[in-house]
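> The residues making up each chain are set out below.
Number of protein chains: 4
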Amino acid sequence: MIRFECDYLEGAAPQILEAIAQANYEQNPGYGCDPHTERACELIREACKTKDIAVCFVVGGTQANLTVIGAALKNYQGVIAPVTSHINTHEAGAIELTGHKVISVSSPDGKIRPEQVEKRCKAYTADAHRTHLVQPGMVYISQTTEVGTLYTKAEVKALHDVCKKYGLLLFLDGARLGYAVESPGNDLKLEDLPHLCDVFTIGGTKQGALFGEAAVIVDEELKREFPYHIKQRGALLAKGWLLGIQYETLFTDNLYFRLARHAADLAVKMHKGFKEAGFDFLHNHETNQQLPIFTQTQFDRLKEKGFYFDHFADMKDGRIVTRFCTSWATDPANVDKLLEAIKDL
Amino acid sequence: MIRFECDYLEGAAPQILEAIAQANYEQNPGYGCDPHTERACELIREACKTKDIAVCFVVGGTQANLTVIGAALKNYQGVIAPVTSHINTHEAGAIELTGHKVISVSSPDGKIRPEQVEKRCKAYTADAHRTHLVQPGMVYISQTTEVGTLYTKAEVKALHDVCKKYGLLLFLDGARLGYAVESPGNDLKLEDLPHLCDVFTIGGTKQGALFGEAAVIVDEELKREFPYHIKQRGALLAKGWLLGIQYETLFTDNLYFRLARHAADLAVKMHKGFKEAGFDFLHNHETNQQLPIFTQTQFDRLKEKGFYFDHFADMKDGRIVTRFCTSWATDPANVDKLLEAIKDL
Amino acid sequence: MIRFECDYLEGAAPQILEAIAQANYEQNPGYGCDPHTERACELIREACKTKDIAVCFVVGGTQANLTVIGAALKNYQGVIAPVTSHINTHEAGAIELTGHKVISVSSPDGKIRPEQVEKRCKAYTADAHRTHLVQPGMVYISQTTEVGTLYTKAEVKALHDVCKKYGLLLFLDGARLGYAVESPGNDLKLEDLPHLCDVFTIGGTKQGALFGEAAVIVDEELKREFPYHIKQRGALLAKGWLLGIQYETLFTDNLYFRLARHAADLAVKMHKGFKEAGFDFLHNHETNQQLPIFTQTQFDRLKEKGFYFDHFADMKDGRIVTRFCTSWATDPANVDKLLEAIKDL
Amino acid sequence: MIRFECDYLEGAAPQILEAIAQANYEQNPGYGCDPHTERACELIREACKTKDIAVCFVVGGTQANLTVIGAALKNYQGVIAPVTSHINTHEAGAIELTGHKVISVSSPDGKIRPEQVEKRCKAYTADAHRTHLVQPGMVYISQTTEVGTLYTKAEVKALHDVCKKYGLLLFLDGARLGYAVESPGNDLKLEDLPHLCDVFTIGGTKQGALFGEAAVIVDEELKREFPYHIKQRGALLAKGWLLGIQYETLFTDNLYFRLARHAADLAVKMHKGFKEAGFDFLHNHETNQQLPIFTQTQFDRLKEKGFYFDHFADMKDGRIVTRFCTSWATDPANVDKLLEAIKDL
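Chains as they are written, first to last, in UniProt numbering: chain A, 1 to 345; chain B, 1 to 345; chain C, 1 to 345; chain D, 1 to 345.
I should point out that these hints are in silico values taken from the structure, not numbers from a laboratory.
Small disclaimer: the values here were computed from a predicted structure and weren't measured.
Where hints are given, some of them may not hold.
Intra- or inter-copy, both count: the list cannot distinguish identical chains.
Stated by the list, open to error - The calculated DSS-like cross-link candidates involving lysine-lysine, where the alpha carbons are at most 30 Å apart (straight line), are:
#1 Lys119 <-> Lys269
#2 Lys303 <-> Lys119
#3 Lys343 <-> Lys153
#4 Lys164 <-> Lys316
Whole structure, please, built from the sequences with the hints as guidance.
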């Protein structure tokens, strides 16, 4: 079987396995107080071209999201997020369990608009009984989004501006940040983020690490307090150097972006292939999550041919939105096989 | 100034004030372990025509909602509710603070349909990765709804049926239950509720008491556990007999429904008056929350004439949805003055 | 039966019932935005001799405690409190439900010492792995304490000093503040508290109101945010003017302290009576909660004579610590009857 | 520097690194739905000699504890635990953040006695106002304990009996379960646990894995619900097969216990060495956490000689309780060097 259903099917870049094996009998102090972690933070600061950020590592994405949001918000605040966002749909109510409402706003393309934020904040501020409402405290966006779309730098800047205007934090979930950066047409670089977000993550799990998300914190108060929240949420890895060593490796010799580029190039190829084979897409983009639309027959036939992919959503006309992902580990030969296979479904 | 903006502007029915004064120097044990509370529970059981319910009293509506929902749901469950529901809009995130998602569903008329519940539950059950989703655990409805509409008995029964089919609890918020029961066209009686809901409330605050909501519990597990939750939520009144004595009074000689009828009759009159004066309504019903639509000029002029009412929502065409409430305490003369005043706005 | 088991057996001072009856058909806006509440706040500011406080009203004591503590602490902080404190023993885990540890410290007399706070804070600060510990964020004390003892002004000042040294808030639970102030030997006045605490309550439930606790907030951040927390915790009374009118009455003509004085005087008499009858006390003080120690025989005999009182604790020698409370409503004749009855148990 | 301060200084057993490398380009479905995880569960069931358990894997210890306790308890319940227990001292309030009180009981040797549980439960049950108390819902113990002591099988059985008598769950934290099992004098085997506990963990992090705790669930309700809680707590590893493959390796050819035996043997040696050198111990046992007592001079001198170890606690006489741990990775030569070094401190 050839699997394309997600971008975390394989282990890690060989450089990472090697580095972990290499360090196996070092005696590293626990909880991220080790030289690898220190070096990883330093390398990320360099990649972000600023010293003015704190970097903390946690194991997974839901963990990162709930720890960031639970740490940043006051009890009575909620987080504005697209209705399709991961925190609103696929985290089992993890954000609500921290006590906060996900204030979902409509989003045909997985992105949120500054006007939506402004409208909500204006309504809140104008309401004489606003103590009865959930106070907007943060905006959550993902790059790439959960449907594979991309924010432009100008779009993120506009969101950041409206957040600052109303005193909200902007949180960018970068579980697929590398894939976004290396996508054609992207103009939002890693080094832009410290100027445009209050906190963001640099995903490892989907981008060449065994596991791990780097939380990059710009906001001063959150910087000071975040380590306490990590421990209290059960998100502090005992052998924190395992996270350190992975990010140390990823941010040496630009490995993180080189791995991402591999996935990005294959995504372009895959997109072209689906297009040429006559498939529609839910969203017409070239990032590493391709969402072509299949008839039930096409869907079944491709499965029969030994391909595994995601049933992403149902169209009202009965067709099926599928998801095919490329990743740092995708074998180009498998993409070729796929594009061959879809020609006659 | 004559106020119509809500139905809790005044104190309590004189019979209640009298009963409290009468009992003032009794020595009643605390926390609802007193004869008045016992008697009140008994009277409510009689009014519900069943012995098979537990009755607990709390002070307020948000308190009742968060205690019921926080008690009934497992951590990973959420409550399905209309997007316009009180718990989704006007409780400051109280439900989320208990850790639970309000799974809001669209509702043009403030009511939820069985199909909406079924669709959500089916999607949940069908999802192989349903541990990543919020599990629907309860359906929340209000009678009357927050926009003054009414569920029929058949509608509640259909909701109850789908809830049972998927293992959900049905919670009916009866903050305005009396006003609903006494409204023209209503066919859902108090005595029906123990057969159609797992838990419901009988509102006091808006219906002649100084304060208080009676939580009526049908579900066996919730019955056993609810008292613990009440205390832990800070919802256990020290002088619990104050709640007992009020409900004892309200359910003696049918006072609760006689008070409600007063409001219901004035609502019919008010509705007719607005209609005759040419006003549109957001929802065309005759319950105690009337939502006529005003132009800005009409709105301002009526304010100038000394009437106070609620700015409920904005229409896209620039007009304003207002809210005028009647209650057990509404002076019929004031309704006459209002209907006179709106004739030439 | 004559009951002494607690100080909230009766309703309210007649002036309060009258005031409520008087205002019954006023149309007061909800949620504490009414003239009575405004006036009550003003009167409390006058009684505290400072304009620099915010005053908010909630219905009950556990509600006040969980709202204050849940509002004041960061997630990873806990509240230091005597092991005998109400929040540690009789609030059903309400504080923990808000997410915070009650860091209990030993206390033979119900009071906490500055040295205990300092020791804990020093240990926390000195610990290199302090992110693994609960950070002390607040000290909770009660006046009078749960065992009827009293803090002196110097003691509270010393606690406040150590709190400021380590960045903690000091919260004084004044559910029985009036009874404390009017007790012989007390030197801690209401007007001292804004200078010595960050937040404190002025209890109504036990001191002549039907219900109600006034939360007086000195800390600037807590002042701004507290109203949001009140609503979210379900602690915002719809007819907030009911709280306003009660405190308005209590703080007019010094009624609050006159009612307290009645209880305080009877407590002195009761204490003397028990002493003369040869009873030991768990704590030898003259406040309104008397804790005389009974043999089982004495305990049973007094019950048989028609007196009801609290079984407070068990002594290791088999004797029983009892609790007899006086209150604003205690009939002096009943105290006489009690003191007569205990002479020959 | 030679480090002994904890038992998670090194990476993983080479077999584990190999297995991970071997599987690196397999395409494994996420979230533990993979053959390695399935096989690991099967192997653990075999090692436990029962089919009647569910096995789930999470990354870390605090995560395991908060997920288990948060899943098992009702809101109003607390967990009884020794005052020295990890959840009471070193998890930053993680348990309280899930809403539950850690009901700490005194424990001079890190263990809890059935009498302590019974006393607490009896008092709870006997209290007429028990809705005001925290209901005991679980007992938490660790094997080995946080101070290196061991429960006998009879002791755990007695605790289990009292738990069943009062309806509590018994949770055994086995972060160091292997080291316990292989310690001299231990009579509590892995296969005993499903009969004596409702839920327990088999620690990986400290016992040869890179990371990971296996939660073994005996209680039927907890079995069904636990996967939902794992996801909601952010504890579901995307590449769950990383946990599966590690436990698959550890439970093949008895590796888990062979690794533990290495540490256990060195612990015996270390204990003997400290004893012969004249050191007292906080607790005189032979498990892998040795707690010898040092004077400040001895402490400083050993540090100067290049050894790193834990400052565990302070004695009242000014001496220091230290902690030296052995693990699966401890180099016997380093133990020799240590025992040589302590001869002339």
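> Treating 30 Å as the Cα threshold, decide for Lys303 and Lys119: within, between, both or neither.
between (45 Å within a copy, 27 Å between copies)
> Indicate which option fits the pair Lys343, Lys153 if close means a Cα-Cα distance not exceeding 30 Å: within, between, both or neither.
neither (36 Å within a copy, 55 Å between copies)
> Between the shortest in-copy and the shortest cross-copy C-alpha distance, which are at most 30 Å for Lys164 and Lys316: within, between, both, or neither?
Between copies only: 28 Å across chains, 39 Å inside a chain, cut-off 30 Å.
> Using 30 Å as the alpha-carbon threshold, which applies to Lys119 and Lys269: within, between, both, or neither?
This pair counts as neither: shortest intra-copy Cα distance 40 Å, inter-copy 37 Å.
This entry does not satisfy hints 1 and 3, going by the numbered hints stated previously.
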